[in-house]
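So the sequence lines, in the order shown, correspond to chains A and B.
According to this note's numbering, the stretch in the first sequence is residues 70 to 476, in order.
According to this note's numbering, the stretch in the second sequence is residues 4 to 557, in order.
Derived from the structure by calculation, the hints contain no laboratory data.
Any given hint could turn out to be false.
In silico lysine-lysine, PhoX-like type, Cα no more than 25 Å apart, as pairs [unchecked claim]:
#	chain 1	residue 1	chain 2	residue 2
1	B	Lys414	A	Lys206
2	A	Lys287	A	Lys268
3	A	Lys398	A	Lys206
4	A	Lys398	B	Lys414
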Amino acid sequence: MTKVPGKTTLKSGAHERRRSRNVLWRLVPVLVVSAFLAVACGDDTETSSPETTTTTAPTTVATTAATTVATTTATTEATTTTAPPPVVGGELTLVTNNAFSTVEYLMEPFRAETGVDLQLIAGGDVGSMVNQIILTKDSPLGDVLYGFDNTFLSRLLEEDLFIPYRSPMAGVLPAELQIDPEYRVTAVDFGDVCINYDKQFLADAGLAVPETLDDLRKPEYSGMLVIQNPLTSSPGLAFMLATIAEYGEEGWLDFWEDLRANDVQVVSGWEEAYYTNWSLYGGGQPLVVSYASSPPAEVVFADPQPEVAPSGVVEESCFRQIEFIGILKGTDNLPAAQALIDWWLTDSLQAELPLNYFVFPANPNTPLPDPFIEHTSIPADPHILDPELIAANRERWLDEWDSAVLR
Amino acid sequence: MIRGFIPARIDSLRWIAARSVVVGIPLGFIAIFFLYPVTSIIWRGLNPDGILSFDALGEVFADGDLRQVAWFTLWQAAVSTLVTIVVALPGAYIMSQYRFRGRSVLRAAVTVPLILPTVVVGVAFLALAGPRGSLGLDLAGSIWIILLAHTFYNYAVVVRTVGGLWSHLDPRMEQAARVLGAGRMRAFFEVTLPLLRPAIAAAASIVFLFSFTSFGVILILGAPRRATLEVEIFRQTAQFLNLPIAAALAILQLFGVFLILSVYSRYQERRAIELNLRPAEEVERSAAGWKPKMVIGGNLVLMGLLLFVPLGVLIRRSVTTSTGLGLDFYRNLNQSGGRTTLAVPPTEAMVNSLLFALVASFIALLVGGLASIVVGYGRSRWSRWFDSLLMLPLGTSAVTVGFGFLISLDKGVLNLRTNWFLIPLAHALVAVPFVIRVMAPMIRSIDNRLREAAAVLGAGPVRVGREIDLPIVARAGLVGAGFAAAISLGEFGATAFIVRPNVLTLPVAIFRLIGRPGELNFGMAMAMSVILMAVTGIVMMLVERLRPGDVGTF
Numbered sequence: 070m071t072k073v074p075g076k077t078t079l080k081s082g083a084h085e086r087r088r089s090r091n092v093l094w095r096l097v098p099v100l101v102v103s104a105f106l107a108v109a110c111g112d113d114t115e116t117s118s119p120e121t122t123t124t125t126a127p128t129t130v131a132t133t134a135a136t137t138v139a140t141t142t143a144t145t146e147a148t149t150t151t152a153p154p155p156v157v158g159g160e161l162t163l164v165t166n167n168a169f170s171t172v173e174y175l176m177e178p179f180r181a182e183t184g185v186d187l188q189l190i191a192g193g194d195v196g197s198m199v200n201q202i203i204l205t206k207d208s209p210l211g212d213v214l215y216g217f218d219n220t221f222l223s224r225l226l227e228e229d230l231f232i233p234y235r236s237p238m239a240g241v242l243p244a245e246l247q248i249d250p251e252y253r254v255t256a257v258d259f260g261d262v263c264i265n266y267d268k269q270f271l272a273d274a275g276l277a278v279p280e281t282l283d284d285l286r287k288p289e290y291s292g293m294l295v296i297q298n299p300l301t302s303s304p305g306l307a308f309m310l311a312t313i314a315e316y317g318e319e320g321w322l323d324f325w326e327d328l329r330a331n332d333v334q335v336v337s338g339w340e341e342a343y344y345t346n347w348s349l350y351g352g353g354q355p356l357v358v359s360y361a362s363s364p365p366a367e368v369v370f371a372d373p374q375p376e377v378a379p380s381g382v383v384e385e386s387c388f389r390q391i392e393f394i395g396i397l398k399g400t401d402n403l404p405a406a407q408a409l410i411d412w413w414l415t416d417s418l419q420a421e422l423p424l425n426y427f428v429f430p431a432n433p434n435t436p437l438p439d440p441f442i443e444h445t446s447i448p449a450d451p452h453i454l455d456p457e458l459i460a461a462n463r464e465r466w467l468d469e470w471d472s473a474v475l476r
Numbered sequence: 004m005i006r007g008f009i010p011a012r013i014d015s016l017r018w019i020a021a022r023s024v025v026v027g028i029p030l031g032f033i034a035i036f037f038l039y040p041v042t043s044i045i046w047r048g049l050n051p052d053g054i055l056s057f058d059a060l061g062e063v064f065a066d067g068d069l070r071q072v073a074w075f076t077l078w079q080a081a082v083s084t085l086v087t088i089v090v091a092l093p094g095a096y097i098m099s100q101y102r103f104r105g106r107s108v109l110r111a112a113v114t115v116p117l118i119l120p121t122v123v124v125g126v127a128f129l130a131l132a133g134p135r136g137s138l139g140l141d142l143a144g145s146i147w148i149i150l151l152a153h154t155f156y157n158y159a160v161v162v163r164t165v166g167g168l169w170s171h172l173d174p175r176m177e178q179a180a181r182v183l184g185a186g187r188m189r190a191f192f193e194v195t196l197p198l199l200r201p202a203i204a205a206a207a208s209i210v211f212l213f214s215f216t217s218f219g220v221i222l223i224l225g226a227p228r229r230a231t232l233e234v235e236i237f238r239q240t241a242q243f244l245n246l247p248i249a250a251a252l253a254i255l256q257l258f259g260v261f262l263i264l265s266v267y268s269r270y271q272e273r274r275a276i277e278l279n280l281r282p283a284e285e286v287e288r289s290a291a292g293w294k295p296k297m298v299i300g301g302n303l304v305l306m307g308l309l310l311f312v313p314l315g316v317l318i319r320r321s322v323t324t325s326t327g328l329g330l331d332f333y334r335n336l337n338q339s340g341g342r343t344t345l346a347v348p349p350t351e352a353m354v355n356s357l358l359f360a361l362v363a364s365f366i367a368l369l370v371g372g373l374a375s376i377v378v379g380y381g382r383s384r385w386s387r388w389f390d391s392l393l394m395l396p397l398g399t400s401a402v403t404v405g406f407g408f409l410i411s412l413d414k415g416v417l418n419l420r421t422n423w424f425l426i427p428l429a430h431a432l433v434a435v436p437f438v439i440r441v442m443a444p445m446i447r448s449i450d451n452r453l454r455e456a457a458a459v460l461g462a463g464p465v466r467v468g469r470e471i472d473l474p475i476v477a478r479a480g481l482v483g484a485g486f487a488a489a490i491s492l493g494e495f496g497a498t499a500f501i502v503r504p505n506v507l508t509l510p511v512a513i514f515r516l517i518g519r520p521g522e523l524n525f526g527m528a529m530a531m532s533v534i535l536m537a538v539t540g541i542v543m544m545l546v547e548r549l550r551p552g553d554v555g556t557f
């Protein structure tokens, strides 16, 4: 009982006594130092935060730009200017979704060409990011927002978050992509959510490739399709919207009841559907909701690369997601923000998008990389829905889908 | 607050100053980085149109579906906790009582599951027990696979928290009971188990909160309609921006957590027993004879099945290429540019992860260590409240915390939203409860007579703290720091939903890779997971090896 645990040679003496403070109290200076550290870090933040950024560009540029915006409706100004982005400098913060934050390296040419110190902020999945931006309306997270699509567009536009800007490059954009005539947001790329099929599996099973959504109701495709829960997944939501676009308010739930009867598999996210349930990766379903860009990725990201993509796309099942970029109100480096949008539409970025971010360039003049020409095609007639309709009905549709498919 | 062994000769001013630092730093930390953000977002939710309204709360209580979600959240957490304790206690036993070859490696290895992203664990579990699982048993969507996954994740929590105390329990107590005629079982249940209760309760509280706020496991492995409050808050906040309902759910969740924590702290209070703690070397035995070998062997098999088979699946998939076995995916990771989409080599992700882990453990140890002093030495109701308060982040929705940061940490010195420092800070928020759970029971168990004896022998209060308390506490602090590092390396819990500057860490790299189509991307995600496992294992081994300078062998 008297034995003191640990190393307990009881050295005594003045020296020892002077040195020893209760060790727990000896932590005190450490604490104080760290508290200061924390504060110091806070200071760092402040200096690097957008609020304290000194706008280096002359204000006249901003004013001119603003005037340009004001007169866009006249649309008489030249839209064909393709001058290289000017050197603007300053700091700029781009808020984007997690998926795009993975390809930050694509931003290097912009940094080099314009001298802008561009920082990326990852806001999570698209839904989270959109809602974060709305929540921080009064104290914006950044200067530019990129990576939201037409399924969330109206929600954002309602909040009046953007400074309109019609890029001189915007003239090339097809009208069906640039759905905001006021240029509060600019369409920069699009992707199609489509059913992908495993060629080998279907061939082995003697099954034809389904051609339409209606085909999925057939008994031979029973238990053959895996989808993502639209309540938790963006491609899942897009596919649900495709069925609404196809069958309308009257018929879409009937379709889903048929799919349910046909043993459709529902998982929470794209990763599980694609890499666990899909037969190409050892799962049981040869049909999976993914993207039109997935088959070329199966060629490019394989070693050795196959001659032909192992998967294909059911074109009739596609829903078009258009992605936008917009300048957030409250930016203090408008010239850099505008330069970023201009640059976004140039081949410098557009040509890189397919193989890095798996979307199609919005600029129709940008050539597609070979694998995208050989192994997939841009669906000619994808399903689309008016963003306002989506915003107005999203919650109700999701509820109804939930009741029809999962309850 | 600190018990009577502190004599009056410490002059009161210094005493008060020291006390306010010890209490103030953890309190300030939790107030600024938890209470303020969380109340901000809940307040925003309760004031939808600028008018305070509790309609949403009523709506939540009236909604049968949501009541069911709340009920499921509660019972699955309770069952997960029970299962984890039962399965992991034998593991804690062998690792604290026996010396055997490879024990320290094993101790580090059981922590590895803790850090794996759920999406990767989902791959492993579904490969084993999914629709076409190699075990031939489809558990996908069932409660069983959820329980298994929660046990997989939390095994280390029990082994390390309970094992920490167990390895210092005086074996003579049980021996005395045996001499007096008690059988092995009886001696365990009537002597050892009651003595271990504070540590078991501490571990249980953490496992419970973990499972209570389970998100990825439920989404990936549960049936599509399965939801915990956590999942529901995510849907309401991040999908629908229905802040009133989300706030109501967050209040419900906090209320549940608080209730559980009060039960826990009351229990803890009644059960705190001072023990004659011994150095681990004195407690442990060599595993001679067939009986201990059987026990150890049986446990190893269990651990192998529960923990290492799923990890093995990931390792196997990281080396299985279309052309056979090979390290192609690892090589591809290192190839910058070209076809690999992750244009940053894994070393950079590794360095970032380790840096964050270092900062996070430092903050967690600082805050948690000071808090443990308050919680461990304190006997008042205040110290119990303090304890529960610091536990709250572990039981609070990651979405609530993340969105709370977003709207509150945006001004002046606190403008951290775009600062990398926010990331380890958020990690520390979740790690602090671990540090306290490991340290406080040890502090409580120190036999006060030891302190008195030392004082009688002429040691001043400072000396008493250094010679008696510190050796025991420092070892526990290291275990806590190890946990903090693991939590940071795995980046889970409250950190999943913070908006962050684009800094690549190992888990982020895994998410990036597995979110893309193509065999190489998937393979590289598996390879990256194995790298994360290895890094964690090595860090844990190093922590295991660390012996704080002059504090002996506790």
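Hint by hint, here is what the structure shows:
1. For the hint pairing lysine 414 of chain B with lysine 206 of chain A, the CA-to-CA distance comes to about 14 Å; that is within 25 Å, so the pair holds.
2. The straight-line distance between the Cα atoms of lysine 287 of chain A and lysine 268 of chain A is roughly 18 Å, inside the 25 Å bound, and the hint therefore holds.
3. Taking the CA atoms of lysine 398 of chain A and lysine 206 of chain A, the gap is near 8 Å; set against the 25 Å cutoff, the hint holds.
4. Taking the CA atoms of lysine 398 of chain A and lysine 414 of chain B, the gap is near 18 Å; set against the 25 Å cutoff, the hint holds.
When each numbered hint is compared with the structure, no violation occurs for any of them.
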